[in-house]
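> Residue numbers (our numbering), protein chains in the order written: chain A, 1 to 63; chain B, 1 to 63; chain C, 1 to 63; chain D, 1 to 63; chain E, 1 to 63; chain F, 1 to 63.
Treat the hints as calculated values from the structure; they're not laboratory data. Treat the hints loosely; a few may be bogus.
Identical copies carry no separate label here, and so any pair may be met within one copy or between two of them.
Stated by the list, open to error - Calculated lysine-lysine pairs in the BS3-like style (CA-CA distance at most 25 Å, straight line):
1) 61 <-> 30
2) 61 <-> 36
3) 61 <-> 22
4) 48 <-> 61
5) 10 <-> 61
6) 30 <-> 48
7) 36 <-> 48
8) 10 <-> 30
9) 10 <-> 48
10) 36 <-> 22
Read off the chains here:
Protein chains: 6
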Amino acid sequence: MPILNVNMIKGRTLEQKREMVKEVTDSIAKTLNCDKEAVRILINEIDKEDISVGGVLRADKEA
Amino acid sequence: MPILNVNMIKGRTLEQKREMVKEVTDSIAKTLNCDKEAVRILINEIDKEDISVGGVLRADKEA
Amino acid sequence: MPILNVNMIKGRTLEQKREMVKEVTDSIAKTLNCDKEAVRILINEIDKEDISVGGVLRADKEA
Amino acid sequence: MPILNVNMIKGRTLEQKREMVKEVTDSIAKTLNCDKEAVRILINEIDKEDISVGGVLRADKEA
Amino acid sequence: MPILNVNMIKGRTLEQKREMVKEVTDSIAKTLNCDKEAVRILINEIDKEDISVGGVLRADKEA
Amino acid sequence: MPILNVNMIKGRTLEQKREMVKEVTDSIAKTLNCDKEAVRILINEIDKEDISVGGVLRADKEA
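All chains should be modelled from the sequences, with the hints used to inform the complete structure.
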């Protein structure tokens, strides 16, 4: 059952996503002692203009 | 008040979404005994490269 | 794959939850044309002091 | 630590987002008595065809 | 419509929640130019053993 | 920035959570090429009567 949401800044490659879900699934299955097939991950890529830290958009911080 | 998030793979038609929210709202109102107008649904469509089951992206599974 | 989150006010009975997930799963499977076994629902029960509409906690509105 | 998700209809300007995260962060820091730098906000913009109130898509309600 | 989720560490008083939802709702209505009554906030209080920063649970960091 | 939500069935020990966040954070930092300190994880433990697969509550499936 573990269902994970991964919120991350837009811009990773397909290969990075592929590696990420593989490694995170392994970590979850090992530490929570569950079947790998039971682990679901939903990736949510977020624009820099849709993330704020300390009241400032990431899009502005890097400008 | 019930607020639902429906995470689903991208690709359904507008007509399918229309039918889905209608039927799900009816089911919620009936079984939770609340007013239909109080039911909110947010649909989140997800790319196949952003979903993983068992450590493998859906985009790779169907390749 | 459809994964649903149902946010609702605390206080429904187990029987109501049982009926709700059954009916909502049927509605999803029928309208999105997917297998019932693929539908997952996570229920999130919320205290009246943790919900606000219009800037007022539900716990205060009913006081 | 406060982490906020703001779900809103698509269409606000960058300037509106900028003002929103600034003001909401100030409100959170002041009322929860925490450091502004600790407040994170994730904005989720939603299409009118992905929101339903009372079983009707917003896209249909305004048609 | 704006629907907010506020994830925060457990332990705030009812009065703090009351002030928080009031101020955040005002900030949202003002900056997004929407009706206050349309703003919904769901508070999610989280135990220190259910939050991790940098791979360390908050419960361990303060021990 | 990566912010993860981990939804899992209630019942893991503190030690399991401790190991899980450590390993998942390492996996995220390595594959997404980001600083470990930037990775936040929120754990959401769910009762068996609040999870449904195929329209049946987990609490009923194991009865």
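> Report the numbers of all earlier hints that the structure fails to satisfy, in ascending order.
Going through the list in order, the structure violates no hint and respects every one.
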